[in-house]
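Engineer: Residue strings, one per chain:
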Amino acid sequence: EAQVTQNPRYLITVTGKKLTVTCSQNMNHEYMSWYRQDPGLGLRQIYYSMNVEVTDKGDVPEGYKVSRKEKRNFPLILESPSPNQTSLYFCASSRTGASYGYTFGSGTRLTVV
Amino acid sequence: GQNIDQPTEMTATEGAIVQINCTYQTSGFNGLFWYQQHAGEAPTFLSYNVLDGLEEKGRFSSFLSRSKGYSYLLLKELQMKDSASYLCAVRDGSAGNMLTFGGGTRLMVKP
Numbered sequence: 001e002a003q004v005t006q007n008p009r010y011l012i013t014v015t016g017k018k019l020t021v022t023c024s025q026n027m028n029h030e031y032m033s034w035y036r037q038d039p040g041l042g043l044r045q046i047y048y049s050m051n052v053e054v055t056d057k058g059d060v061p062e063g064y065k066v067s068r069k070e071k072r073n074f075p076l077i078l079e080s081p082s083p084n085q086t087s088l089y090f091c092a093s094s095r096t097g098a099s100y101g102y103t104f105g106s107g108t109r110l111t112v113v
Numbered sequence: 001g002q003n004i005d006q007p008t009e010m011t012a013t014e015g016a017i018v019q020i021n022c023t024y025q026t027s028g029f030n031g032l033f034w035y036q037q038h039a040g041e042a043p044t045f046l047s048y049n050v051l052d053g054l055e056e057k058g059r060f061s062s063f064l065s066r067s068k069g070y071s072y073l074l075l076k077e078l079q080m081k082d083s084a085s086y087l088c089a090v091r092d093g094s095a096g097n098m099l100t101f102g103g104g105t106r107l108m109v110k111p
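Listed in order, the protein sequences are those of chains W and C. Going by the working numbering, the letters in the first sequence line up with residues 1 to 113, in that order. Going by the working numbering, the letters in the second sequence line up with residues 1 to 111, in that order.
Simulated from the structure, these hints should not be mistaken for laboratory data. It is possible that some hints are incorrect.
Chain C regions said to be covered by chain W (calculated; three or more residues, Cβ under 8 Å) [as the list claims (entries may be wrong)]:
(1) 40-54
(2) 97-109
Some chain C residues well away from chain W (every beta-carbon gap over 10 Å; in silico) [said to hold, decoys possible]:
(3) N3
(4) G15
(5) V18
(6) T26
(7) G31
(8) F33
(9) Y35
(10) F60
(11) G69
(12) Y70
(13) M80
Only a predicted model underlies this, so the values are computations on that prediction, with no experimental measurement involved. Note that the Cβ used here is the ideal one computed from N, Cα and C, for glycine as well.
Build the full structure now, drawing on both the sequences and the hints.
Structural biologist: Right, here's the structure in full:
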């Protein structure tokens, strides 16, 4: 089944403790992206990647890191999480080309206390 | 940058028709998408418009006017399961074909 897989689905952590949210897609998509979703603010892009070893900042990159060492994986790293990073996170992938929409992962609900 | 506006909430009756509007401003328009998102779940693709006009897909239709920076999503024969948020997203060709989302319209369908 073609899908984007995120892990974990739920995570509660403490301020300052490094964490990684994994994202993997099995559709051979070139483009991958991370979004966070907060009430009243909608989906905001954190980072995106056009292909392996090519990453770029989205609208809200502060406090996050990403890497794209393989085409299928695009992990999101929070080196020192803070409470304002409590949010619902989505990974998405697509083929390059304007007509292709995103396929989203199931989401990761992160709480930082 | 981009600016995408859509109403925050709408209410409609089962069996009726509802139109959800979206206006946008972008420097490098390269397509507009509509997604449906049920609470706590991932967004799912509904429609794509890049040329002016109406795209119909079953009970859902989407319209685009590039000159007006305007789109709408039309839902016919509303069902209770259509209660969800509807997200308008614009692709910017001058920004790596990045998708920028509006805040979403929460639609409540009542019996």
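Engineer: What are the numbers of the hints that this structure violates, sorted from low to high?
Structural biologist: Numbers 7, 8 and 9, in rising order.
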